[in-house]
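Colleague: Please build the complete structure, drawing on both the sequences and the hints.
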Amino acid sequence: MNLGTYNVRTLNSETALSFLFDELHNIKIDIVTVCETRRRKDMSVKWNGGWEVTLGAAKNGVGGVGFIVLPTVTSRIISMEIVSHRLAILKLRIGKSSAMKVVAVYAPTSAASDDEIEEFYEELHRHLRQKSTYTVVLGDFNAKLGSGYSEDTFIGKFGYGARNERGQRLADFAECTKLYVVNTFFQKRPGRRWTWRAPNDRTRNEIDFVLCDKKRIVKDVSVIAESKVCVHSDHRLIRAKIVVDLREESRRLARASQRRKPQQFSEALFTQAVEHVRWSMYVEDIDGAYDSILEKLQKCRSLATVKREGQCRKRLTEATLQMLSERRKLANAGNTGLEYKILCKELRRWMADDYENFRKERLQKAAEDRASLKKA
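Under this note's numbering, think of the first position of the sequence shown as 25, with each following residue one higher.
Simulated from the structure, these hints should not be mistaken for laboratory data.
Just so you know, not all the hints are guaranteed correct.
To be verified - 25 Å max Cα-Cα, derived SDA-like pairs, lysine to any residue: (1) Lys320 to Trp303; (2) Lys115 to Ile51; (3) Lys181 to Thr227; (4) Lys120 to Arg279; (5) Lys65 to Glu38; (6) Lys155 to Asp54; (7) Lys120 to Lys155; (8) Lys238 to Arg275; (9) Lys155 to Thr329; (10) Lys238 to Ser171; (11) Lys252 to Thr78; (12) Lys265 to Arg213.
Modeller: The following block contains the structure:
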């Protein structure tokens, strides 16, 4: 299966759609996530030839994401949902018992504020918590990753250019969610890496990416030349070749289910369990009392042993995240007066402090690990 992502810059008319479809006929592709549709209204339609098209509207002229699914895979569709002007989710049936979640994204540009960036990643993270057998996230992240650093697990050594602050935010997100940025694991010449170019045609960057939780199913990621697909956008389409060996994957899943989940002992839960146990015993039967106490202690230990959750390094504190949530509620309710402005000002100050503390912690960790301070 071939998954693609394309920042089309605009897709707000039937003429533009027809033109894109004509271009897609030139390549092997099954699903395309599109961003920056800039449509006024959502659209969901079955196009001529059996193409399934679901496109989201822009917000204040910004964004708009969606899916174009070719007839080759429409029978596998479980659901398609436009979450926001920056996020859409497609669920596909893979074999009899597996599913794939395909997420289309359009991240805020480099001109956006830090809180806009955080809201985007928080929203994306929230929708990724609902697990699927396979998860693929594609789109324009407006971030420059460059090549992976020595301490990076989820970013490969084949990148384009140098990493910027937005790129580091994407790298942190990939580590947190355990998603591989699969573009960076395939070696390509520089002319086949860039996905966006500036109007002067001198500046070129790789800012469109494919992320996947199972790196093994991605066999290649390539940038499609404009001689094959071009809708007069400043981006190029990128395509990921996905191969799922159902027999091998079934064996892998069976082995994974047999492995013991990582666990940790909670002293607080153990204390709570001990306090709720009746410890009375019969002195006449010392052996029986000993066995009873041992059995109760083992039960308390079992209750206090819980699954170890993956740790995610957060740039923002819980207090700042709560403030972001409050600001979002005010904005959604249309309350953008004095209270909203005061909250925004306070939020910017808190976020600046959180970012600085996060940076210091990362530098300290890099020093402790004897990593390069410059790379941190």
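Colleague: A separate judgement is required for each hint: does it hold in the structure or not?
Modeller: Against the structure, the hints come out as follows:
1. Lys320 to Trp303: 8 Å, holds
2. Lys115 to Ile51: 23 Å, holds
3. Lys181 to Thr227: 22 Å, holds
4. Lys120 to Arg279: 18 Å, holds
5. Lys65 to Glu38: Distance ~13 Å between lysine 65 and glutamate 38 Cα, so the pair holds.
6. Lys155 to Asp54: 23 Å, holds
7. Lys120 to Lys155: Since the Cα atoms of lysine 120 and lysine 155 sit roughly 17 Å apart, the hinted pair holds (cutoff 25 Å).
8. Lys238 to Arg275: Between lysine 238 and arginine 275 the Cα gap is close to 15 Å, so the pair holds against 25 Å.
9. Lys155 to Thr329: Between lysine 155 and threonine 329 the Cα gap is close to 23 Å, so the pair holds against 25 Å.
10. Lys238 to Ser171: Answer holds: lysine 238 to serine 171 is near 20 Å, not above 25 Å.
11. Lys252 to Thr78: 24 Å, holds
12. Lys265 to Arg213: Holds. Lysine 265 to arginine 213 sits at ~18 Å (cutoff 25 Å).
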